[in-house]
Amino acid sequence: MIQPSEIEAELLAFLRRDIFSPETNLTADTDLVAAGFDSMSLVKLLLHVETKYGRWIPESEITNEALASVHTLAATAAKVLNEK
Amino acid sequence: MKNDLRLNGSDQLMRGFDYEMRRHGFAGNQCQIILELAGKIPPEILQNRLGELQKEFPMLNGRVGGIFKPKWKIPAGIKKEISVRVHRDEANLRQKLFNEPLRAKRGELVRFDLIERAGGKTDLIFTWAHMLMDATAAEHFLAAVSDEKNKLPKTNPQPPGAPKKWPERLELMKKSVAQLDKFCENQPRSLKTCHPNAPRELQFRVEKFSSEETKTIRANGARLCGILGDAQLHAAVSALELHRLHQKLGCATESYIVPMPVGLRPKGRVEPLFSNQVDMLMLQFLPEQLDSVEKTVAALKAQTAQALRENSISYGRKLSELFGFLPLPTYIKVLKHGFKGEICSLFFGDTAAVNPRLENFFGVAVENFTHVAAVTPAPGLGVIFYYFRGELRVTVVHAKTVLNDDEAANFSAAIRNRLLNP
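Protein chains in written order, with the working numbering: chain A, 1 to 84; chain B, 1 to 422.
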């Protein structure tokens, strides 16, 4: 069972390193879309999750609500990854 | 900024295209932003502001020098004032200005034209050489022209370039050749190649969508491509309608190559300013994948994920950097050799939302905004998508002899209809 908090930390590190500039103050509550997160960023993130956890999150699971913040995104990812 | 500045791989590509366009009698690889202003701007105020920016950024008068290692040669001070010209409105003036070359070899990399319109309104046309900067940087530059509070970054960091070690370079070349060979198993043939006249003039038209229509298109994007899927829907619809156009014009091709630009700036960063920060995701569509938007989107998504897995998006940019030492005629031959004479089937651009700081210019309201860019002789056709004040715009650019006015209007209308009713 993967904890959402573990995924949240992993996603935050990935987004800070590979997507956002160091000047962006990215926290678990940052509105990702407002900060410039786009479709290519999303595919990169999904690939990172697949590489790290061995499972592709279907894009249908990524809703507006899921993208509201890293926190909600991690919760969505945890839900899919923990499904049998 | 140093007095010499290396061109990155994307700048090299843009410089190569500039050579190719001029060789065919076009103005060159230059872009425009057109601001339709609600009032007047005294040209001397604009000239003064540009003078201040020239002092701060002598790069604006830079010239490309060096035979085997091309670099920007940046003068120590102002060599020549940036041109600001005032025109009275007349028929075909905008097309004429779009087709008027910048004298890049003499350090003219940007130009401003003011067109006085009826009712005290003005159109401002900002033209720039694409090898100097991409559209995102141009928007930031124009925002800084408009208001000195919009500071421009001083630094110019570059994205990771080609590998330094020869074994890695050879591996990159091998992979790139394999990718192009795979594309050529279904040889693309562009409209220009099918109609080999000698076009010397580009034309453009703009499709405007209301905010209601834009909402509908965004909803279509989310439904068909997933959340944040607007750009994917734009690319898929463009490819699909290109296929219809080929069919209508009787131009047979085994596949279509649509390069989708991918921004390299980390999110939340303005810099670097005077360079192109774009990679190209080369998408190939087979005719059977262009039956419906759903099938096209599926093909697009599969290729995007594959390209990210293989890290193949940056092949072209990195190779351009490696081959930057070649004289331009040889460089462009190498570039075209990969696709057996083609560059692509359609130029596609998606600059997303226009910088909100450009909703007014020198305090004057901007009533409308247009992005225009030149397209290479083959394919001689391009589409650019962008949002101004939340409303979608699509600029269709074409060479006069590739499409006539009716064909261009029909292509443009077909994209509109398909976006609204995919």
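If you are wondering where the hints come from, they were derived from the structure by calculation, not from laboratory data. Among the hints, a few may not be true.
[Unchecked claim] Each computed EDC-like pair below joins lysine to aspartate or glutamate, with the alpha-carbon atoms no more than 20 angstroms apart:
#1 B:Lys-295 <-> A:Glu-59
#2 B:Lys-182 <-> B:Glu-254
#3 A:Lys-52 <-> A:Asp-31
#4 B:Lys-267 <-> A:Asp-31
#5 B:Lys-267 <-> A:Glu-61
#6 B:Lys-301 <-> A:Glu-50
#7 B:Lys-267 <-> A:Asp-29
#8 B:Lys-267 <-> A:Glu-10
#9 B:Lys-40 <-> B:Glu-359
#10 B:Lys-301 <-> A:Glu-10
#11 B:Lys-301 <-> A:Glu-59
#12 B:Lys-248 <-> B:Asp-291
#13 B:Lys-55 <-> B:Glu-90
#14 B:Lys-182 <-> B:Glu-342
#15 B:Lys-182 <-> B:Glu-310
#16 A:Lys-44 <-> B:Glu-108
#17 B:Lys-301 <-> A:Glu-23
#18 B:Lys-215 <-> A:Asp-18
#19 B:Lys-215 <-> A:Glu-50
#20 B:Lys-267 <-> A:Asp-18
#21 B:Lys-208 <-> B:Glu-367
#22 B:Lys-121 <-> B:Glu-310
#23 A:Lys-52 <-> B:Glu-254
#24 B:Lys-267 <-> A:Glu-23
#25 B:Lys-73 <-> B:Glu-116
#26 B:Lys-151 <-> A:Asp-18
#27 B:Lys-154 <-> A:Asp-29
query: Are the Cα atoms of Lys-55 (chain B) and Glu-90 (chain B) separated by 20 angstroms or less?
result: violated (34 angstroms)
- request: Compare the distance between the alpha carbons of Lys-295 (chain B) and Glu-59 (chain A) with 20 angstroms, and conclude whether the hinted pair is satisfied.
  value: holds (16 angstroms)
- prompt: If you draw a straight line from the CA of Lys-301 (chain B) to the CA of Glu-23 (chain A), is it 20 angstroms or shorter?
  reply: Distance of about 31 angstroms is beyond 20 angstroms: violated.
field: 20 angstroms Cα cutoff - pair Lys-182 (chain B), Glu-254 (chain B)
entry: At roughly 13 angstroms apart (the allowed maximum being 20 angstroms), Glu-254 (chain B) and Lys-182 (chain B) satisfy the hint.
field: 20 angstroms limit on alpha-carbon distance, applied to hinted pair Lys-248 (chain B) and Asp-291 (chain B)
entry: Answer holds: Lys-248 (chain B) to Asp-291 (chain B) is near 15 angstroms, not above 20 angstroms.
- prompt: Does Lys-267 (chain B) pair with Glu-10 (chain A) here, judged by a C-alpha cut-off of 20 angstroms?
  reply: Satisfied, since the Cα-Cα distance of roughly 18 angstroms is no more than 20 angstroms.
field: Pair hint Lys-40 (chain B) and Glu-359 (chain B), alpha-carbon separation not exceeding 20 angstroms
entry: Between Lys-40 (chain B) and Glu-359 (chain B) the Cα gap is close to 15 angstroms, so the pair holds against 20 angstroms.
query: Does Lys-301 (chain B) pair with Glu-59 (chain A) here, judged by a C-alpha cut-off of 20 angstroms?
result: holds (11 angstroms)
task: Would you mind confirming whether the straight-line C-alpha gap from Lys-267 (chain B) to Asp-18 (chain A) stays at or under 20 angstroms?
output: holds (9 angstroms)
- prompt: Between Lys-154 (chain B) and Asp-29 (chain A), does the CA-CA distance stay at or below 20 angstroms?
  reply: At roughly 31 angstroms apart (the allowed maximum being 20 angstroms), Asp-29 (chain A) and Lys-154 (chain B) break the hint.
- prompt: Does Lys-301 (chain B) pair with Glu-10 (chain A) here, judged by a C-alpha cut-off of 20 angstroms?
  reply: violated (25 angstroms)
query: Can the restraint linking Lys-52 (chain A) and Glu-254 (chain B) be considered satisfied, given a maximum Cα separation of 20 angstroms?
result: violated (38 angstroms)
Comparing the model with each earlier hint shows violations of hints 3, 5, 10, 13, 16, 17, 18, 19, 22, 23, 25, 26 and 27; every other hint is respected.
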